[in-house]
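Same order as they appear, the protein sequences are chains A and B. Under the numbering used here, residues 1 to 249 are what the first sequence spells out, in order. Under the numbering used here, residues 1001 to 1598 are what the second sequence spells out, in order.
Take the hints with a grain of salt, since some may be wrong.
To be verified - Computed list of lysine-lysine pairs in DSS-like fashion (alpha-carbon distance at most 25 Å, straight line):
hint, chain 1, residue 1, chain 2, residue 2
1, B, K1047, A, K195
2, A, K196, A, K50
3, A, K197, B, K1047
4, A, K193, A, K50
5, A, K193, B, K1047
6, A, K219, A, K16
7, A, K16, B, K1490
Said to hold, decoys possible - Ranges between beta-carbon positions, derived for each pair:
hint, chain 1, residue 1, chain 2, residue 2, range
8, B, D1406, A, T201, 48 to 58 Å
9, B, D1344, A, K193, 42 to 52 Å
10, B, E1098, A, G208, 29 to 39 Å
11, A, V19, B, S1252, 56 to 66 Å
12, A, A67, B, D1143, 44 to 54 Å
13, A, L215, B, E1098, 25 to 35 Å
14, A, E222, B, R1016, 26 to 36 Å
15, A, K193, B, E1098, 11 to 21 Å
16, B, L1139, A, K193, 54 to 64 Å
17, B, G1416, A, E200, 51 to 61 Å
18, B, A1329, A, D27, 22 to 32 Å
As the list claims (entries may be wrong) - Listed below are several chain B residues computed to face chain A (Cβ distance under 10 Å; list not exhaustive):
hint, residue
19, A1045
20, K1047
21, A1092
22, Q1102
23, A1555
If you're looking for bench data, these hints aren't it; they were derived computationally from the structure. Don't be surprised by glycine CBs; every beta carbon is placed ideally from N, CA and C.
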Amino acid sequence: MKILVPVKRVVDYNVKVRVKSDGTGVDIANVKMSMNPFDEIAVEEAVRLKEAGVATEVVAVSCGVGACQETLRTAMAIGADRGILVETDAELQPLAVAKLLKALCDKEQPQVVICGKQAIDDDANQTGQMLSALMGWPQATFASKVAVSAGKATVTREIDGGLETLEIALPAVVTTDLRLNEPRYATLPNIMKAKKKPLETIKPADLGVDVTPRLTTLKVVEPPKRSAGVMVADVAQLVLKLKNEAKVL
Amino acid sequence: MSSYSAPIRDMQFVLRELADLDAVAALPGCEDASSDLVDAILEEANKFASGVIAPLNWIGDQEGATWDNGEVRTATGWKEAYTQFAEAGWTALACEPEFGGQGLPKLVSTAVMEMWKSANMAFSLCPMLTNGAIESIKLRGTDEQKALYLPKMVSGEWTGTMNLTEPSAGSDLAAVRTRAVPQGDGTYKIFGQKIFITYGEHDLTDNIIHLVLARLPDAPEGVKGISLFVVPKFLLKADGTSGERNDVHCVSIEHKLGIHASPTAVLAFGDKGGAIGTLVGEANRGLEYMFIMMNEARFAVGMEGLALSERAYQQALAYAKDRIQGTEAGVRGGPKVSIIHHPDVRRMLMSMKSQIEAQRALAYVVGAATDMAHHHPDESVRAQSQAFMDLMIPVVKGWLTEASIDITSTGVQVHGGMGFIEETGAAQHLRDARITSIYEGTTAIQANDLIGRKIAREGGRTVKLVIAEMRRVEAQLSEAAGEEFSAIRKSLSAAVTALEEAVAYIVATYGNDIKSASVGSVPFLKLLGIVAGGWQMGRAALVSARRLAEGGGDASFYTAKIVTARFYADHILAQAPGLAYSVVSGAAGALALTEDQF
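Extracted from the complex, chain A is given alone in its bound form (with noise of 0.2 Å):
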């Protein structure tokens, strides 16, 4: 059994991002870049699979720039067998994303497709239920727990309010949430060894696919500076302000 693992490269989640000064987005140049939190943990769930016997192959996929080669070669080094990088310089939506690991799904057939339930950067929380739809799969999302077994997966959700138990049908999408596994360390012979595991590049052109953005970003701000707090006097003045001045009552 096969499992496709699409990984994003992202900001790193220790960095401060600062809004351009012209307000067209944040600026990453020479920003520390990461794999994406959540594809990590995709990656390591694969993995897992693999080594329970349960998958033969991990394939990971990253869509961009060339420099997401780097967050291949991180898959790899935790265990992912190969590397697809599509390549592009375009600035790469979720239906864009998701219409590319349609035409990967098509070209690899994978039995199950494990992404990040969102990306930090934009989190859009998009790619793996379009990708679901475009392809007639069933998903599961948010998942905090997965098992997988003869033709179908039993994924343990978490929802508002609790655990959601869902089994689904193989081929199917599976998006990971934060409690479903704690990713390795790689260790270093893995490292050396993710240099030396195959790893192509394509272009969407190659799989026909337009990705052209849809959306129109139109203005991106700083959240607004928390203003300084007021001392109240007692209970029934803070619950006036609340009432009259917040508005909260």
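Place chain B on chain A using the hints.
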């Protein structure tokens, strides 16, 4: 507690632009060290360092290692972290592929080692000492010893120790009294007591391989009568696994100023009939074998100085950006600002930052020279690199560690009163740094080695070649445009002239007045360190100007590098003429008093 994140950008800059990683990766046997692989290794090592071992640094300091009836328990989390460290293959990074290592070059292991030491110095000592033991067995052990011990030491399944010091044999190892008695079957019984044995006893692994200096019954007096033995904590069974307990026992562990989590053991050999060991190499040549590894060990301790300075800087910087106190100088009634706005806090931070960057550059350049000395196909390049490395190792050891005491102390100062409070954590770096200028040869031992063996003995030949390189950089600086470059050039020029004067004095004086020359030895070591650091910062500034002119991006890093080089020139390099003065003129006052007059 403070966190640690490796300064990967600066490491990459130094590796590529100053230490010439590409040239090292072109050496036979070093082909794996391509720049993208090295990037991946740095990234993953940083994850491990910051995620697993850095969080244990404070816990280790507070709990320390504890001794109970011969057993030593390491601090909470230590055993799990060590197991994870070994399983991830980090112990094998620089070891020979023949014994399960990855065989990566010294230059790469230097950068990774810096991370372990910054993250948690007390932790890092265990793999470091194991590496020393691995080297001794690899260089002089029999094939049987190599097969028995090396694979398990390289994989980290067992650790190693170096047993040199005894109560009356510290800096003077000629006084070693531990005895080795041949048993007639190729083994020896070892009797004696060793002190200051780092990780001499612990609960991390199920065997510990001790390398022990001892005297054979017929051995000549002094340094030429000391042999090296391998003595496992548990004797090995025929299948190579650990068997019966050997007669080496941990009598106690020391209560120290710093590195509390690293157990410093007193080991008793042979109290119950004799500890069984085997001879490494030839009889009576043990000390000579130790000297082969001395360079490696001294370099590593120099890296400890740098690593602790870096950790202290990261913590001080975070505090300086966070702590709000007072208003901007010259602004009346203005808003309260973080202390990084205050000129003297900036001076302190820049002093830390600029020295750290200069020291990292020098250390990595010496690391690259080690690879050149070992692997370059051209014999003359090997010899030249070896001479440079031999000259610079006592400088890396002495300067980086002495400076770390000042830099970590400045780190405390940046914190103000909070720095004096243990819970802040700034004081730990100072306490941990304090040992580095003492063990593996005190600064005086390094300085004696430097002025005697490395300079006077060859009439200053190698150091003069290095000075010629410094002059070349000075000439390039005079061609570069901008006020920063003229400031750097001016300071470097005066510093190199001061160094030349001091070298001339050492060469002229060492042979006929060794005492006078020796008084100046430690100032001379600092002088050479500071000037060599200035030489590297000059190179760094020139490369940065070139990269800026190319317009390839990362302008903020390169402009900061040029400003940092300028600060170094104005504040650190400017000390060189004063140090040279003390070298040349400082002996009379130091030697004149009689003992009674003190």
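Now for the hints, and whether the structure bears them out:
1. Only pairs whose Cα atoms come within 25 Å are accepted, and B/K1047 paired with A/K195 is accepted, the gap being roughly 19 Å.
2. For the given pair, A/K196 sits about 19 Å from A/K50 by alpha-carbon distance, which is consistent with the 25 Å threshold.
3. Of the pairs offered as hints, the one joining A/K197 and B/K1047 holds, with about 22 Å between alpha carbons and a cut-off of 25 Å not exceeded.
4. Note on A/K193 and A/K50: the hinted pairing holds, with a Cα-Cα distance of about 17 Å set against a maximum of 25 Å.
5. Annotation: proposed proximity of A/K193 to B/K1047 holds, straight-line Cα distance about 18 Å (limit 25 Å).
6. At roughly 19 Å between alpha-carbon atoms, A/K219 and A/K16 fall within 25 Å of each other, so this suggested pair holds.
7. Between the alpha carbons of A/K16 and B/K1490 the distance comes to roughly 39 Å, so the proposed pair goes past 25 Å and is violated.
8. At about 50 Å, the CB distance of B/D1406 to A/T201 agrees with the hint of 48 to 58 Å.
9. Remark: the range hint 42 to 52 Å for B/D1344 to A/K193 is upheld by a beta-carbon distance near 51 Å.
10. Checked against the hint of 29 to 39 Å, the C-beta distance between B/E1098 and A/G208 comes to roughly 51 Å, which is inconsistent with it.
11. With their beta carbons about 60 Å apart, A/V19 and B/S1252 fall inside the hinted range of 56 to 66 Å.
12. Between A/A67 and B/D1143, the C-beta spacing of about 47 Å keeps the proposed range 44 to 54 Å intact.
13. The hinted window of 25 to 35 Å between A/L215 and B/E1098 is violated, with their beta carbons roughly 57 Å apart.
14. Distance hint check for A/E222 and B/R1016: the Cβ-Cβ separation is about 35 Å, which falls inside the suggested range of 26 to 36 Å.
15. In this structure, A/K193 and B/E1098 meet the distance hint of 11 to 21 Å, their C-beta atoms being roughly 19 Å apart.
16. At roughly 29 Å, the beta-carbon separation of B/L1139 and A/K193 lies outside the given 54 to 64 Å, and the hint is violated.
17. Hint check: B/G1416 to A/E200, Cβ distance near 57 Å, so the stated range 51 to 61 Å holds.
18. Distance hint check: the CB atoms of B/A1329 and A/D27 are about 30 Å apart, consistent with the given range 22 to 32 Å.
19. Hint status for B/A1045: holds, given a least beta-carbon distance of 8 Å to chain A, under 10 Å.
20. Taking 10 Å as the C-beta contact cut-off toward chain A, the hint placing B/K1047 at the interface holds, the least distance being around 6 Å.
21. Contact between B/A1092 and chain A, as hinted, is supported at the beta carbon level, the nearest pair being about 7 Å apart and thus within 10 Å.
22. Hint on B/Q1102 holds. Least Cβ distance to chain A is approximately 6 Å, under the 10 Å limit.
23. At a threshold of 10 Å, the smallest CB-CB gap from B/A1555 to chain A is about 8 Å, leaving the interface hint in force.
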